[in-house]
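Using the sequences provided together with the hints, build the complete structure.
These protein sequence lines map, in sequence, to chains A and B. In terms of our numbering, the first sequence has 124 at position 124, counting the first letter as 1, and numbering is strictly consecutive. Converting from the second sequence to our numbering requires adding 1000 to each position, the first position being numbered 1.
Think of the hints as simulated: they come from the structure by calculation, not from any bench. Predicted, not measured: the structure shown is a model, and the values here were computed from it. Hints are supplied without guarantee of correctness; some may be wrong.
[Unchecked claim] Estimated spans, in silico, between C-beta atoms of each pair:
1) A:Ser40 with B:Gly1413: 20 to 30 Å
2) B:Lys1259 with A:Ser40: 23 to 33 Å
3) B:Ala1307 with A:Lys262: 50 to 60 Å
4) B:Gly1472 with A:Tyr42: 29 to 39 Å
5) B:Phe1416 with A:Asp179: 53 to 63 Å
6) B:Ser1163 with A:Pro190: 51 to 61 Å
7) B:Glu1492 with A:Val66: 49 to 59 Å
8) B:Ser1037 with A:Leu77: 55 to 65 Å
9) B:Ser1163 with A:Ser40: 52 to 62 Å
10) A:Val79 with B:Ala1307: 23 to 33 Å
11) B:Ala1474 with A:Lys181: 52 to 62 Å
12) B:Ala1307 with A:Glu233: 31 to 41 Å
[To be verified] One-sided and incomplete, this derived list gives chain A residues near chain B with beta-carbon spacing under 8 Å:
13) Gln37
14) Ser40
15) Cys223
16) Val234
17) Phe251
18) Asn253
19) Ser260
Ideal Cβ placement from N, Cα and C applies to all residues, glycine included.
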Amino acid sequence: MNEIIQKKQLSDDVYLMRVKAPLIVEERLPGQFIMLQLDSDYGERIPLTIADANEEEGTISLIFQVVGKTTKDLSLLNVGDSIDNLVGPLGSPTHIDNFGRVVCVGGGIGVAPLHPIAQALKKAGNHVTIIIGARNKDLIVLEDEMRAIADELIVCTDDGSYGRKDLVTAPLKEACEADPKPDMAIAIGPPIMMKFCAETTRPYGVFTQVSLNTIMVDGTGMCGGCRVNVGDEVKFVCVDGPEFDGHKVDFDNMMNRLNSYKEIETSAHKCNIDKLAEAKK
Amino acid sequence: MTYIPPETLQKEADKLLQELIPKKDLMKAKERTRLPSQAMPAQDPNVRITNLDEVALGYTPEQARVEAMRCTQCKKQPCIAGCPVGIDIPRFIKHIADGEFQESINVIKEQSILPAICGRVCPQEVQCQLPCTVGKSLKDVNKAVSIGRLERFVSDWEREQGSVQIPAVKPATGKKVAIVGSGPAGLVVATDVRREGHDVTIFEAFHKPGGVVRYGIPEFRLPNTLVDADIDTLDKMGVKLETNFVVGRTRKLVDLMKKDGFDAVFVGSGAGLPMFMGIEGENLVGVFSANEYLTRANLMRAFERGAADTPIYKSKKVVVLGGGNVAMDAARMAKRLGAEQVYVVYRRTEVEMPARVEEVEHAKEEGIIFHFLQNASKIIGDDKGKVKAMECLRYELGEPDDSGRRRPVVIEGSEFEIEVDTVLVSIGNGSNPLIPQTTSEMEVNRWGNIVVNEGQKTSMDRVYAGGDIVLGAATVILAMGEGRRAAASINELLAES
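See the structure below:
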C-alpha cells in the first residue's frame, strides 16, 4: 500500500513524490488534500495537497517542503518504501466553472495544489493568468507544467534571481488594474502571501479564493483544530474548506493558531538535531 | 469518599464471603440488603495522576461474589427493563454469587456484544441500577447492586482465562455488507451480520479501529487492549477491516453498492464537529475542543511526550467547560499531562451533571476543582493571541426546561475573571457532516443527524444507520442497541433477497 514510485528533489528542501494510491486517484478532484502518517503508533498526521494524479499508473503526486519532523522523515523515504497511512481525498473540491478571466497566484510550494485547479479552470474555458513566486530561483516549482496551461505566465522572485524581482502582489495589482479586470483570483501559498493577495484585490472587488492549510488531527470533521474565522462565522477547514473567500478570512488569527505548538516543536527539532550530531560522532 | 486501598477491600470481602457461603441460598432479602456495598478498588489518586493506567482495578472474585449476594433476586426485575439491550441481569448475577463465572458471562452475551466496554462506560446509575430494588429500599441509588461492576468482572474474568468464545459463523451466503465506522455501533453490526454468514467489511477513517472508544475515551477509563480484544474476535470471525478509508470521500456511499457490489450498508460514522460556545476569544491559541485534546493524547499518544510526534499544549492552569463524561475525561487527562490546576466550569449544579457519578468522584479524588453555576462569557488573550484568562458569569437555577432540568439563569453583573492558560471546550458535538455532504439522497434532520425508521433504515434503500450519527452524542450502550436493531434488519433484508 502507498508505495513511493518516484522521488525527486526539486530544491534544497522541496521534494516531489509519486505515490501509489489508486482509490484516491479515482475520486480526487482539484482542491482536495490527503492526510498521511509515517508511523501508526507515534507518527503525526499531516495534511498535504495533491499536486497531480496519473490515472493509468494510479499514482498521486505530492510536493512538500521540509518544515518539521514528519516532512523531514518523509523526505528520507525512498522509491520502493511505503507510507504507513495515507487517507483521502479530503476536503470539498474547488468549484470549477467558466468564470471568464481568472488570475491564479501560487507562492512557494503553494504552486503544487494550484496546478490541478489551474488545469481544470483552463479546461473549463477560462482565460488563465498564472503568477508564481518564490524567495529565489531554486524554490520555483512546476514552472513548465504551469506554462503549458497558462495564457499568460509571470514568474517573480523576492531576490530577483529569476523572472521579475517582485512580490506576487505586484503583478496581481496590475492584473486588477487592467481592462478587462479579472473575474476571479485564486491565491495559494503561505498565509501571509494569501493575506496580502486578498488585500491587493479587495479595492478592486475581485473575488479572491484562498486555500487554507491549518493544523488538523483527523481531517474528517471531528477534532475542530482547523477552525478559522470567516466573516462572522467559524468554519472548519477540513470539511467546510479548504477554500474560502479570502476577503473574509481572519488571517492574523489563523497565523497565530498555526504557531500554537511552535515552542514545543522548536525544542523537539533542536533535540533531534542534537541526536543527529550525536549519531555522526 | 475516602480512598480505601484495594488490599483492605479484598481482606474484608474475603472474610465476609467465608461467613456467607454456608448460608448463601438461605439469606432473606433483608439480610442481603444489609450486606455492605462493595467499593471498586482503584489506583491511589496520588499515583494515578502520574500515569495513564486504568483507575478502576475491577472486583476480585471474592468482592464480586459478595456484591452479587446483595441482589435479592426480586420478582419485579426492574433492572432488566432499565437495560437498553435487556440483559437478564438477575440471572447473570445469581451465577456470580454461586461462583459460576463462565455461566454468568454466557448469560450477558446472549444480549450484549461488548460487555468489557459497557461494564466500564455505561451510565448504570440512570439505567439498570436506577430502579434496583436494593437501592430503592436503601433510598440511595448509589447503594443499588453494582451491576456494571459485576458485568465488568465476569467479562474480564473470561478474557483473562483465555476462554472467550469466537461466535459461530454460518456458511457463506455470498452477500456483502459494508460498515462505515468501527466504533461501538459498527462493531456490533459487524458481529451480528457476520454470524449469519454474510461477508462483512468495516471501513474506518482513522489508521486504527475503535472509533470514540479509541480516540476519545482515555486509557485510564477504558484500556485499548479491550478494544483490541474485540477487534481480534471480529478478525477471527472473518470480518475484514479497511483503515484509512473515508466513506463519502475515498468512495461515495452509493458506489459501495454500485461499484463494489455491497448488498447493504450500515452507517455508524459517529458524532462530528465539536460545538463551541460562540463567545469572544474562542479561537485564541490555547482553546481546544475536548475532542482534539483527547485525540492528541489518546490516539496520537501525545501523552508519551518525547516518543510521539504529535504535540500537545503545555498547560499550567486549565479550565474545562461542560459537565459530561467527555469533560471529566478532558479534565483528568489535563491533570495527567502535568497541569497544576484544573477547573471544571458547569452552568448548572452537580445534580444536573450528565457525567457518571463514578467519574465525578474520581475527578474530585484527583484534585479537579469544580465550579458550579458558572459559565464562560469571554476568553481573554495576551498580546500574542494566547489565552491568559477567562471571564465567567454566575448563574442560579430557575424553572425546569424541555429536558426537565432546572434552567440556569444568569445573574446580571456577576462577571469575574479566572486566570487560565488553556480552555477545553466540552459542550457536545454536532453530527459528522461527511456522509450527508457527499450523499445527497440521504435524509437528515435539521441538526444533520441521519433520519431512520424503527428498524434503523435510512431514506435510502439497503442503507441503515445507528449510533451517534443518528442519536447525536449519546452512549456506547445506546449505540450498541441501535446496532443490534440495524443488524436484525439487515439480516432480514438479506434473507429475503
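Tested hints:
1. A:Ser40 with B:Gly1413: 20 to 30 Å: Hint violated: Cβ distance 53 Å, outside 20 to 30 Å.
2. B:Lys1259 with A:Ser40: 23 to 33 Å: holds, 28 Å
3. B:Ala1307 with A:Lys262: 50 to 60 Å: violated, 20 Å
4. B:Gly1472 with A:Tyr42: 29 to 39 Å: Holds, at about 33 Å.
5. B:Phe1416 with A:Asp179: 53 to 63 Å: Distance hint for Phe1416 (chain B), Asp179 (chain A) holds at roughly 59 Å.
6. B:Ser1163 with A:Pro190: 51 to 61 Å: holds, 59 Å
7. B:Glu1492 with A:Val66: 49 to 59 Å: holds, 55 Å
8. B:Ser1037 with A:Leu77: 55 to 65 Å: Holds, at about 57 Å.
9. B:Ser1163 with A:Ser40: 52 to 62 Å: Since the Cβ atoms of Ser1163 (chain B) and Ser40 (chain A) sit about 30 Å apart, the hinted range of 52 to 62 Å is violated.
10. A:Val79 with B:Ala1307: 23 to 33 Å: Holds, since Val79 (chain A) and Ala1307 (chain B) (Cβ atoms, about 29 Å apart) stay within the stated range.
11. B:Ala1474 with A:Lys181: 52 to 62 Å: For Ala1474 (chain B) and Lys181 (chain A) the Cβ distance comes to about 53 Å; the hint holds.
12. B:Ala1307 with A:Glu233: 31 to 41 Å: holds, 38 Å
13. Gln37: Hint on Gln37 (chain A): holds, closest Cβ of chain B at ~6 Å, below 8 Å.
14. Ser40: Hint on Ser40 (chain A): holds, closest Cβ of chain B at ~5 Å, below 8 Å.
15. Cys223: holds, 4 Å
16. Val234: holds, 7 Å
17. Phe251: violated, 12 Å
18. Asn253: holds, 5 Å
19. Ser260: Because about 5 Å separates Ser260 (chain A) from the closest Cβ in chain B, which is inside the 8 Å limit, the hint holds.
In this structure, the earlier hints numbered 1, 3, 9 and 17 are contradicted, and the remaining ones agree with it.
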